[in-house]
Structures are given as C-alpha cells and as structure tokens.
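Protein chains in written order, with our numbering: chain A, 1 to 314; chain B, 1 to 709.
Derived by calculation from the structure, the hints in this document are not laboratory data. All C-beta atoms in this analysis are idealised placements derived from N, C-alpha and C, irrespective of residue type, glycine included. Where hints are given, some of them may not hold.
[Claimed, not checked] Pairs of lysine-lysine residues, derived as DSBU-like cross-links and limited to a Cα-Cα distance of at most 30 Å, are as follows:
| # | chain 1 | residue 1 | chain 2 | residue 2 |
| --- | --- | --- | --- | --- |
| 1 | A | Lys-48 | B | Lys-539 |
| 2 | A | Lys-28 | A | Lys-52 |
| 3 | B | Lys-507 | A | Lys-52 |
[Unchecked claim] Far from chain A, some chain B residues (derived; all Cβ distances over 10 Å):
| # | residue |
| --- | --- |
| 4 | Ser-223 |
| 5 | Lys-505 |
| 6 | Ser-566 |
| 7 | Ala-601 |
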Amino acid sequence: MTWLLAIFQTLLFVALAPLLAGWLKWCKCHLQNRQAPSLLQPYRDLLKLTRKQPVVAEHASWIFTRAPYIIFSAIVLAASIVPLIAVDLPTAAIADVIVLVGFFAFARFFLALAGLDIGTAFGGMGSSREMTISSIAEPAMLMAIFTLTMTASTTNLSFAIIHVLNEGLVLRPSFVFALFALMLVAIAETGRIPVDNPDTHLELTMIHEAMILEYSGRHLALIEWASQVKLMLYGVLIANIFFPWGIAQSFSVQALAHGLLAIIGKLAVLAILLSISETLLAKMRLFRVQEYLSFAYLLGLLGMLSHIILEASR
Amino acid sequence: MMTMILAYNAVLLSFASGLLALMSNQCAMLLTLSQRFLTVDAHFPRCRKLLDRILEESRYASLHRQAVFVLLGLSGVFAVLAGLSVMMGQDNLTDQIGLGLPWLPWHVRFDGLSGFFFLIIGIGVIAVSLYGPAYVAFYQESQHPFAVLGLFTGLFVGGMYLVLLADDAFFFMIAWELMSVASYFLVAFQHEHSANRRAAFIYLVMAQVGALAIILSFGVLASFSDGLTFDALRQTTVSTTWASIAFVLALFGFGMKAGIVPVHVWLPEAHPAAPSHISALMSGVMLKVAVYGLIRFCFDLLGELQWQWGVVLLVLGTVSAVGGILYAMMQPNLKRLLAYSSIENIGIIFMVLGLAMIFMANGHPQLAALGFLAALFHAFNHSLFKNLLFLGAGILQHQTHDLNIDTMGGLIQRMPQTSFLFLVGCMSISSLPLFNGFVSEWLAFQTALQVDVLDNGVLRSLIPVSAAALALTAALAAACFVKVFGMIFLGLPRSRNSEKAQEVKDKSMLYGPALLAGLCFFFGIFPNIIINLLNGVAKQLLGQSLPNDAALSWLWLAPVSANKVSYSPPMVLVGVLIAGGISFWYLRRNLETKTMRRASAWDCGFGGLTPRMQYSCSAFTMPFRRIFARVWLIDECIDKEMQGAMDMDVKAVHYHLQVQDHSWPRLYQPITHGVNQLAKRVGRIQTGNIRVYLGYSFVTLILMLWVIS
C-alpha cells in the first residue's frame, strides 16, 4: 500500500511539473504586460514533440541519443525520493539527500557529454559553462543541506521534515541563512534569470540551451520535461523543508488531499516570487555568476556556523 | 597456516615471474639444453614436439611474455585468495623467516589490514597481467628489452607484498626499498627521453628522502622500546612530544610516497614516464601501500592518537584533494592528468583518515570505525578505477600514438569498446551514483556529518567546511572527467592520428579493463560485500565496528542507523531501469517516428563546420582558469602575425598556454638552489692540489691525537 502510494506520488510529481512551468510562464507574462499562453501549453508542447521524428546530427554517437533517457530517469528517481504530499513513504529511504545531489550530478554529466558529442562550438560552450556553474553551486547547496541535516541529525529527507514538523514554528537563524542559500542555488541550477535565461537562444549567453541545441523530437521532450521536474524538485525541497506544514503524516485520504492542496499552494506562491524576481532582474555576465554563487556558499557557511555557535545543544 | 601459504605463494610467484623474464633472449640456450638433457624423445615424441614448438624462434618471444604474465597473474590470484581468507578468518597469523642477518630474523604478520591491501594489489595485478602481454608486444626488443621490464615488475610487485607482510621495522624497510628501487627502474624504462630520466631521478630522490623519514620515525619509537619488531613498538608508551615527532616524520615519509601536496611533485612526472601498465600499478596500487604504511604506523603502532594529528591529516588531505583536481583539470597530457587526479583521491583518503583519527581521539570509536572504513573503501575504489583509466590511457596511446587530449576526438565511433570501458571509469571517478566511487564518498560525507558529537568548537566548524571542500572536489572531478571523456571520445577527430585510430586488434587487451569496469559497477551496486569485510578489519584494528552493523544487509546501506541515513543501490538501479525502460518503450512505440533522421549539425547558416571549431581542452577549462586563477601559475599569450599593407591584416594567430603548479618555483627551486650553493661552498676545500690534501690529513691526524690524549 505504501509502495503504491509512493509510486503514485512520483507519478504525480512528474505529471505536475509541466503545470508548474506553465503557471510560472503565466505569472511572468502577466507581470510583463504580455498575453499569457494557456496553463496547459507545456503539456501540448511535450505532446507535440513526442509525436515528431527526431533529427540527429551526423556525428552523434549513442551517448547523444541515449542521454535523454538517462537524464530523465535520473531526475524521475530524484523526484521519487523527495516527499511531496506525504512523509515516511518507503521510497524516501532508498536514497538520502546526498544521493539526491548525486542524481543531479548524474543527469548533468550526461547532459554535458551530449553537448560535447555533436562537435559544434555551441555544445562545448554550454557544457563548459554548465560544469563550471554546477561545480561552484554544488558545495553551496551541500552547505545549506548540511545545516539542515545537522539540525535534524539525519540526511534522510523524510525524517528531516518530520523533525522540523515536531519542532514547531521556531525561528532559527541557521534556517534563514540556509533557505536563502538554497534559493540562490536553485535559481542557478535550474538555469533561471539572473544566471541563465531559459527563454532566449542568444548565442553568447546561453548555457542550458546551448547544450540541447541539437535535440529535437522525443529527445527534446524528455530533456525539457526533466528540467521542468528539476525546477519543481527545487521548489518542493524549499517548500517542504523550510515550510513543511500541511504535508500528510498519515496515509488517510483526507490527510493526503490536504497535503496535495498544501504543496500546490506553496509551489504557486514560490512561482509567483520567482516570476517577480525574474521580471525585476536582468541576466548577469557569466563571470559574475561565481560571485553570486560564492555569496550563496557564504550564506550556507553562515548558516552552519550559526547552528554550531548559537543553536547546538551544548 | 593455509592462508600464510597462499600469501607466500603470491610473493614467490611474483619473484618467479621476474626471474622468468630474464630468459627472454635465451631461446637458443634453452634449445641446446633441452637437446642435451632431454633424451627421452623416443618415449615421448609428443612431448618433444611440444617443446620444439615452444622453443621455435618466432613463437618463443610471445609465449615467453605470456608465461611471465601468467605467473604474475597467478600471484595476483593467490594474493586475492590470501587477502579474502585472512579477512574472513579474522585472526593474526605470524611467522618468522630466517633470512637476512643471523640475529635478526624477518618477522611476518598477516592480519585483516594487510589482507585488505593484499586484495587491492591482487586485483590490480590480475588486471595488469591480462592486459600486459599485448601491451608489451609493442616495444622493440632491441631498445626496450622485455627482460628488464619483466624482472623489475616482478620485484616491484613482490616488494609491495612484502611491505604488507612485514612485522618488524628492519624487514619493512628492506621491502619498502625493494618496492621503491624496482619501480625506479620501471620509471626509467623508456630512458631515451631526457624528460623520463629526469622524472626517474626526481622519483628516486624523493623516494629515498621519504624512506629516510620513515626510518627516523621507526627510530624514534624503537629508541623507547627493546627491539625492532612491531610487537615491541606497539607495547611501548611514548611521551606525547616524541609521539608527535614520530607522527610528523611518518606523515612526511608515507605522504611523500602517497603524493600529498606539497610533496607530490614526483607523481605527475613519474606516471607519464612509465609504461601504462606500470603507471596503473604505481598509481592504483603503490600509493595504497603508502596509505597502508601510514595506517599501520598511526593506528596500530603509535599508541594513543591525538586529535591534533587528525586535524593535520584533515587539512593536508583537503588541500591535496582540491589542489590535485584543480591541477588535473589543466593538464593536456592524459597520464599527467590521471596522476594529478590520484593526488586528489589520496587527499580524500587522508581527509577521511583524519576524521577517523579525530573521532578516535575524542572517544567515539564507532564513528572512527566509520571514517576508517570510508577511507579504506575509497582506497579500494580508487585502485579499481584508476587502474582502469591508466590501462585505457595505454590503449589510447597505442592507437593514436599520442597522449595529448587536445589532438584526440571522435574516438567513440572508432573504438566503441574502449570508449565504453573508459566511460565506466570516468563515471566512477566522478562519483556518480550506481558506481563504486559514489559509495565511498557518501560514507565520507556521513562521517563528516557526525560532527555534532564533538565538543571542540574549532573542530565543529572545521569539519563541515572540509566536507564542503569535498563536495567541491567531487564536482570539479565530474567537470574534469566530462572534459576528458568529451575531448577524447566525443565530437570530431582533431588530428589525423585520431581519425585513423582503430579498436585494438588484440582483444585480450580489453579483458583487464573490462574486469575492472565490471568490478566498479558491481561494488557500486553491492558495496556491502566490501563494507562487511572492512568492518572486520576495523574491529580487529580499532577494536570497534560500525554503529549499526546489524543493518548491513545486501540491500541496504545504513552505517549509522536505519532511521538516520540509508542508501540502497540495488533499488536505485531498479528504479532507474524502470523509469528509463518505460520512457524508452513509450516514446518509441510509434513505428513512423521510431527511426531517427540524420542531418548535419547547426552551423548558424554559414556552413562548413570544421573540427577546429570545437571546444578544446583549454577552452573547456577557461572559466575555471578565470575563477580559480590564483591556484596556478598561468602563462598565456596570443601572438598575431601581421601582413599586407601597413601590417594591418592578421595572417595567423598563435595561442600559447602553459599552466604550472606552484610547488616547483615556491618550494623545490629554493631547495635545489640551496643545495647547489652548499655544494659549491664545500667544493671550495677541494682544490685538486695534493699538498693541500696532505695538509688536511695532517691536521686531521693532529686533531685525532688531541682528542684521544
């Protein structure tokens, strides 16, 4: 039963991700006085792409054609271990938060290889930039996560959330720092403004889009879908770790429905915040990103130190 | 006793393979010998025929090579068996050999720790001997005699076994020197290049300086005890000051061999110089023997551990890990890159050992066991994937006649099998989930996250920072090996050699790497096999096992406790297969769109993409060069050649980039300079005039007489 529920939660996660992307676009359009596409537009795009025959570059090897499947399954697996509507599901135990970071690394590894595979300058450019940014973002992310795991003394997400729930509403300075650090990292890792702009294909500034420039058809659909799931993953991580209230702690229908509504509400608010910040900010130069990410790392470090100095039990 | 015999067999077989190698050019002699003494051919005509066929001039060389490597491989098999059986049996076997000086017999001890390193060496040696015969066949006999290579390989491997078996300081040093000196000859094997001779010389000097430090550290302990046996050393209690002095000396000596920053400079020089299967052994296995030495010395002989030592190890390890991978990233030479990445991995091992030491000294032996186990597991994993990558580098060197990553490209089409094996190596060294490198790094993180139990505020903030450095290292390693795999195997070929490259003809060359790649994956999915073995080692050496060893089933990895952390690689694998399988099946069900259409890549509408337009190695790492600019000494310049009226048109642009590590100009050049100055001063008393020398003898005589009277 719990296994079924876990699988259901994963499927829900994957199915809701395009909706979040649609909602984000909708909010952004309205903030920028543009006409918004329907909320369901991402679904239509994905469906259209899966029906098309993919076109593959001449020199592409099996890495290029298999990478979308590998990336997609790594991200889906990452989604399966993050509690969405209920905690204490069995899938949460098969991997902890460090493995979650590992899944992201796995997907990124193949995405970067796929970028290099076709032998054009764009692919290499995207891969190089993606690996640079992620290698500075990863320590910052782990720093923020370590703050949380040290407070809850577990790296298992489900148990960590339960710990935060049991503590009740306590203002912890370390959590505030970690929250901001994780938000900054999330923006960088999901390729949003100001680090990368998902809406343009301007040659000299693109990062994520440069790597996937050669993809088409079902391959592109998988990669797009995976990045939508990734965006939602970061959203759920932020929402459920720092504001876990509402998540189902028992498996009754009522609690689960409550949990679902809560997470939808939280994600909607986060998406509005993200679209406001994307409207207000401009994309920064590539070599300013390191300063941005070092700031995230510094916040994570401050969170850690304030946990050790102010909050630790002894 | 059975186990001991297995271990001895491993040693003897490795020496035997070395001796057999000496027979490489003795075909004619063997033929006459066989004709003179084997006069039984009337009774056994078949036997005679077989012998004649073996001794036929054309076959002899290749058969002989194979025989040498078969013996070496058998020694590896025996080493694996011996290691496994001693770890399962969980007891200490001791023995004495009456060799050496009459009043100093060689003490031998074989326990779980030695057994584990026997396992590491054994697997490495087996892989190398599968790979060796085909690889060595490329050498010209007149220039690079096989006898030399085979002899010193046998001695080198035998020396490493003996280091692990040694139970007194005297025997330990003999075995250690055997290992060092034999490997010196292997580094100097291709001595026609002056760079290789220089590398070998640096290696020898540093190995000897390191050995000196190790002798001194044993000396410090021995001066407080009544003997040189490890048992005597173990039972002495040394004051903290002297123990710290011994620790620093041992750290210097063993760290030099292991390649810790800043005493790592021999490593990136020596590894590219040696033949690839030897670099694989040196990097994958010999560095681990140095780690063994440090563990044996600190955790076993030195007595009570101090947490300050742990901090020293932690800091040095962190610096080596981050520095090693940053230096690795900038290397265009594949083997140099791999050598620097060994420094990184040794850094990780030292870091986790430091954590273990800190926990041990603060009275948390269970967490110390966790750290100890993570360090040893990482040593094991590193030996697997680094061997794999070095063997792959050897194949690449043969097929493309080059080691420069910038001249390769597109080899995945031409060398599909090699590329797949290399990919597995790259994935495990980048510590991606499902592969073995990830498990040990995960354990390292888990150890670091237990910092809450410590009371010391400095440690509590230092350890998380080093954990973040470990995360940085892992991310940089992934970037580095994306670059390696991407530049070598993907894209378009960047030179004629890589355009013409083909898959190896002799498939036996792929068996060794295939074995290692298989093990990388297997132990990534079922890490508990090794962890259970290591748990026994930790129990034997530290007197403690994991906090939660009940939960070590084949499916779950939960070293601390089940409701704190857990990781289940088999279930992750199943999950990935299900998710990947469903998407694969679902998206390709439509027959019309199932086949893919091939078209040329997007060229912005200008046409004519050439391989030179791809990102190169230095282009890929350019953002890193800019972000971490202080780490290297970068010499970058762009020369433009002008032509035409007023010299305004650009004819050609030359880009030159050289990246060097800081240690040469900052540390070693002052030392060599100082030594040279000193030598000059001393040289002044040598005038070459016989009267002056007679004067010296006279003055000395007078002084002596004065001293005596």
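Status of the stated non-contact between Ala-601/B and chain A (beta carbon gap over 10 Å): violated, 4 Å
Far enough from chain A: is every CB of that chain over 10 Å from the CB of Lys-505/B? holds, 22 Å
Straight-line Cα separation of Lys-28/A and Lys-52/A no greater than 30 Å? holds, 29 Å
Between Lys-507/B and Lys-52/A, is the straight-line Cα distance small enough, at 30 Å or below? violated, 41 Å
10 Å cut-off, C-beta based - Ser-223/B kept clear of every residue in chain A: Check passes; 41 Å lies beyond 10 Å.
Confirm or reject: Ser-566/B is not an interface residue toward chain A, with every Cβ-Cβ distance exceeding 10 Å. violated, 5 Å
Can you confirm whether the C-alpha distance between Lys-48/A and Lys-539/B stays at or below 30 Å? violated, 60 Å
Taken one by one, the earlier hints fail for this structure at numbers 1, 3, 6, 7, listed in ascending order.
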